[in-house]
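Given chain A, work out where chain B should sit, using these hints.
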Amino acid sequence: MRTLKILLMASLCATAACGKKTAKTLPPPPPTTAPSSSTTPPSSSSGVTETGVRPGSPEDFRRSAGSDKVHFAYDSYEIDGENRGILDAQAAWLQKHPSVSVTIEGHADERGTREYNLALGERRANEVKNYLAGKGVSSGRISTISYGKERPEVEGSNEQSWAANRRAVTVLGGATG
Amino acid sequence: MTHTLPLVGSALFRVRAATGRCAAPTVRCREVPFRVGRWTTFMLLLAAGVAHPAAAQLKVDINQGQSQPLPVAVPGFATPASAPTAAGETGALGMQVAGVIGNDLKSSGLFKPVGPSAPVTNGEVTKPSFVPIRAVGAQALVTGFVEKNGDGSITVGCYLYDAYAEQELTRDGFKVAPAAWRRAAHKCADKVYGRLTGETGYFDSQIAYISETGPKTRRVKRLAIMDQDGANHRFLTNGQNLVLTPRFAPNESRLAYMSFANNKPRIYRYDAVAGRHSLVGEFSGTTLSPRYSPDGRYLLLSQVRAGVANIYRLDLESNALTRLTDGPSIDTSPSYSPDGSKIVFESDRSGTQQLYVMNADGSGQRRISYGEGRYATPAWSPRGDWIAFTRIGGGALRVGVMHPDGSGARVLTDSWADEGPSWSPNGRVIAFFRSPQGGGTPKLMSVDLTGQNLRMIPTPLGGSDPGWGPLRP
Chain A
21 MRTLKILLMA SLCATAACGK KTAKTLPPPP PTTAPSSSTT PPSSSSGVTE TGVRPGSPED
81 FRRSAGSDKV HFAYDSYEID GENRGILDAQ AAWLQKHPSV SVTIEGHADE RGTREYNLAL
141 GERRANEVKN YLAGKGVSSG RISTISYGKE RPEVEGSNEQ SWAANRRAVT VLGGATG
Chain B
543 MTHTLPLVGS ALFRVRAATG RCAAPTVRCR EVPFRVGRWT TFMLLLAAGV AHPAAAQLKV
603 DINQGQSQPL PVAVPGFATP ASAPTAAGET GALGMQVAGV IGNDLKSSGL FKPVGPSAPV
663 TNGEVTKPSF VPIRAVGAQA LVTGFVEKNG DGSITVGCYL YDAYAEQELT RDGFKVAPAA
723 WRRAAHKCAD KVYGRLTGET GYFDSQIAYI SETGPKTRRV KRLAIMDQDG ANHRFLTNGQ
783 NLVLTPRFAP NESRLAYMSF ANNKPRIYRY DAVAGRHSLV GEFSGTTLSP RYSPDGRYLL
843 LSQVRAGVAN IYRLDLESNA LTRLTDGPSI DTSPSYSPDG SKIVFESDRS GTQQLYVMNA
903 DGSGQRRISY GEGRYATPAW SPRGDWIAFT RIGGGALRVG VMHPDGSGAR VLTDSWADEG
963 PSWSPNGRVI AFFRSPQGGG TPKLMSVDLT GQNLRMIPTP LGGSDPGWGP LRP
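Same order as they appear, the protein sequences are chains A and B. Just add 20 to the spot in the first sequence (first one is 1) and you have this note's numbering. Just add 542 to the spot in the second sequence (first one is 1) and you have this note's numbering.
Chain B on its own, in the form it takes in the complex:
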């Protein structure tokens, strides 16, 4: 398994032992010919009189983990040789990488970084001392190195250990341009998360959203994009036009969003590689609520004509437009199921906003929401098992989830106006925005699918309309 992040090109990568070269060019090269097996470890520890949970695999229950986050030590990463890079000296980068990993793990609510942050030595990366790790209460240890390569890139290697079994659980390495060191750290955190929860991670991803500032009556909105932890934030529009509701294409280098440029509310596309905005399609009336299909081939949208809003599907290659819903109602906010076979949307055809599911060709439309209140802004989880929504009722807007058949509906948040859910790429965390009563700007928030770990997503100004992007390749 080689890992090269596209930024550096397709050079093959090898995890190199901290203490020496590998005999053969395989990824999982082990410089230590003899390893202490689990059984031997168990016997030794038994002899030492230490209770050892060898029978219990070190694992985090993703549905229960937040009540007892797993203590994990993430000391600063080592560097085999201190060297300057375009992003700073490798030892300093080692500290920062560990900081990003610890922050990612902590932000999930499932892990609790413990212990000192002082860096490990190079030798300790593959031969850690577990006694001091256990002494601070950690059950797992994440360690690794940052090394500068001859071509100016850096390699970040990371290792996960079970601190009681004293066993390596997994390792990985990433070769990146120095400026992309955070992505390598996020990839390491995803590896740790994945190995301990059994689920895919979500840390190496971006969030597009609308930055907000100014009084409510003259709010200035700008399209913005950032890493999911708030880093690498940049504005993509300058506030001159009202912009709304960005969504990532599945390949993460494109965004669709709505803009009122020229006083014509239309859907636009932003191409991150070309750094260019362009109009999507030719429409004579207002178009809104852009949503990509999972294969990136289609864009769903609502077109409003004479006060009626219906959902259409635009084929992005042929430009063919197919109407999916009909009738004199407001049909909007569509969302594809992850396998692309179904679409959930909201419609007020019954008299109030409710959720409906249909086949991807528009057939078989049936209502799924029957609880108290109105239901809007549905977002189908990337895992397919839940649909997030905004529920309007009792004088408040709240974010919740229900199964695709409408069962199991529950609200996850409790405030005056929580709205616009968007899923993390692993379908475990929901980003949304919270508006204050009165004049203040809204803020981006996130909550775990279990309803726990409510957090604010840091942004320079106010924020709304989060569109969480895919896991980056």
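Just chain A, same shape as in the assembly:
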């Protein structure tokens, strides 16, 4: 025990004050820079002018690579043909912007158990990382995180929604939460 680092997490509320919070006073969810849907037109999240897209920005990345995410078959972590093309384009962009690091966020659909899905999401993120590394992107620039089934992109319970949620998203910089 004495060698365990005791970390007082400011963000983890440990006092009785927690119990007094009602649903009405919940803190707002942490902001995300990840796009919420593939059907909304891409919007600039980097605060640049309306007329241009800043090179090296997430917007530039998405437009250049075509997509910041790849999808997977049920219970699978294989990257198939079309998705390989997306990752090739991502890798090419990353070669042009060597100072940018990325986090691969892995996700699973809701039809599995919680802990397994956390590991499956990690597996998917790792596959993408390996693929990008194989295309010349230094693995030191790539970190991974899995959200399992905790952060679906789409809310429905049908094949279409599940397919959309089985994804790995390449996010510039650190993970979004």
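Since the hints were derived computationally from the structure, they do not count as laboratory data. It is possible that some hints are incorrect.
[As the list claims (entries may be wrong)] Calculated cross-link-like contacts (lysine-lysine; reagent style BS3-like; alpha-carbon spacing at most 30 Å):
no., chain 1, residue 1, chain 2, residue 2
1, B, Lys806, A, Lys155
2, B, Lys669, B, Lys654
3, A, Lys155, A, Lys116
4, B, Lys648, B, Lys601
5, A, Lys116, B, Lys806
6, B, Lys985, B, Lys654
Quick look at chain B alone, frame taken from chain A:
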């Protein structure tokens, strides 16, 4: 046998007769020097022409009881002297204690509270009138008193009677701070349950779980804890970080859980006494699925590295980390047998999620699940005789049980997505969570080992990932 709940300290407790003091300071003091024996009772009742099941001991069959719950009367508890306490007047507490006991017994599915709730008189506690009790169809009577002590604490005494034999079956008493009156009521209910079923009870226990609110795409999750009946609910985190899968340590004052604080998915510990959260161990990668050993010395966990998840054992004192499983599969969701000698876990090494059992040192790994579908989230019963699981198949997730050798597998629930079983401390009830199709929040549920008595566990918001704690001391 003295009972002092730790909240009040170690003062010796005596069950005091409602009508007078005991001659000697023994726990089971009887103020009535002469008691009507069973034989005499039998003869009297025979003479009265009343059929008396004297030959049949009043007992509840825990495997059959839900089809015919035992009718039991639980009138309000008396108070020898009305007095104000920090939790209200003692007479009012008497009514509430009886209410909690009746609710506990009813929730087990084995008992059916009947009859009026009006309180008994002080004298009736040790000399009940059984005729009106039998008249409402009750076969058993639970009665008792709440009394304020000089030091501000309260004493809750409870008595169980066979309403036909007109015989006291058991009694007990608990001295607690007024604010802990519910625990005394739960202890009484456990005593009744234990005496009538022959099994240990489970009512004086807590459940940790994840409270959920908001849309599925932006779900806010908070660690929470409550009594098993939903009372005394409190949040332990504020929703800012994704938190998952809490589990109690065997001493019930600690929880381990998973948090995404700082975007690093790791295992944390919550110390209820200190009211503090702390990181468990130093890991460079994702760690998940924390599970304590029955002696509290170890914490099992899965560590994920390069897409592979293996099970490790962390010695909580020395911080030594021992790897228990190997190989390129996802091994997770471990659970110790109650004697600490074996561990059940899930692995997809065969291609799909299945259950495996190994010795506590990682040796002797063998698959135990062979039925249709995939098997996950195993939880070994505290009695050692069953392993609960989530079965994935036929487009649904369902909760079931199998014996530790894999035999006798059966599902207990039937819905679209039931998941994450956790056992009551007596190994008879299984808590889990049920998710709706579409957007709604999941709900905590429980089901009896027999598959009967499916119930919702009340929570203020949605709930998932129940971790049922031990019976409290």
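Practice task
Starting from Lys985 (chain B), check that the Cα of Lys654 (chain B) is at most 30 Å away, please.
Solution key: Roughly 25 Å between the alpha carbons, so the hint for Lys985 (chain B) and Lys654 (chain B) holds.
Handout entry: Hint consistency between Lys155 (chain A) and Lys116 (chain A) [alpha-carbon to alpha-carbon, up to 30 Å]
Key = Satisfied, since the Cα-Cα distance of roughly 13 Å is no more than 30 Å.
Exercise for the section: For the pair we were handed, Lys116 (chain A) and Lys806 (chain B), check the Cα-Cα distance against 30 Å. Expected result: OK: Lys116 (chain A) and Lys806 (chain B) at ~29 Å, within 30 Å.
Handout entry: Hint consistency between Lys806 (chain B) and Lys155 (chain A) [alpha-carbon to alpha-carbon, up to 30 Å]
Key = Holds - the C-alpha atoms of Lys155 (chain A) and Lys806 (chain B) are around 27 Å apart, at most 30 Å.
Practice task
Sort out whether Lys654 (chain B) lies within 30 Å of Lys669 (chain B), counting only the CA atoms.
Solution key: OK: Lys669 (chain B) and Lys654 (chain B) at ~23 Å, within 30 Å.
Practice task
Would you mind confirming whether the straight-line C-alpha gap from Lys648 (chain B) to Lys601 (chain B) stays at or under 30 Å?
Solution key: Since the Cα atoms of Lys648 (chain B) and Lys601 (chain B) sit roughly 16 Å apart, the hinted pair holds (cutoff 30 Å).
Going down the numbered hints, you'll see the structure goes against none, and every one checks out.
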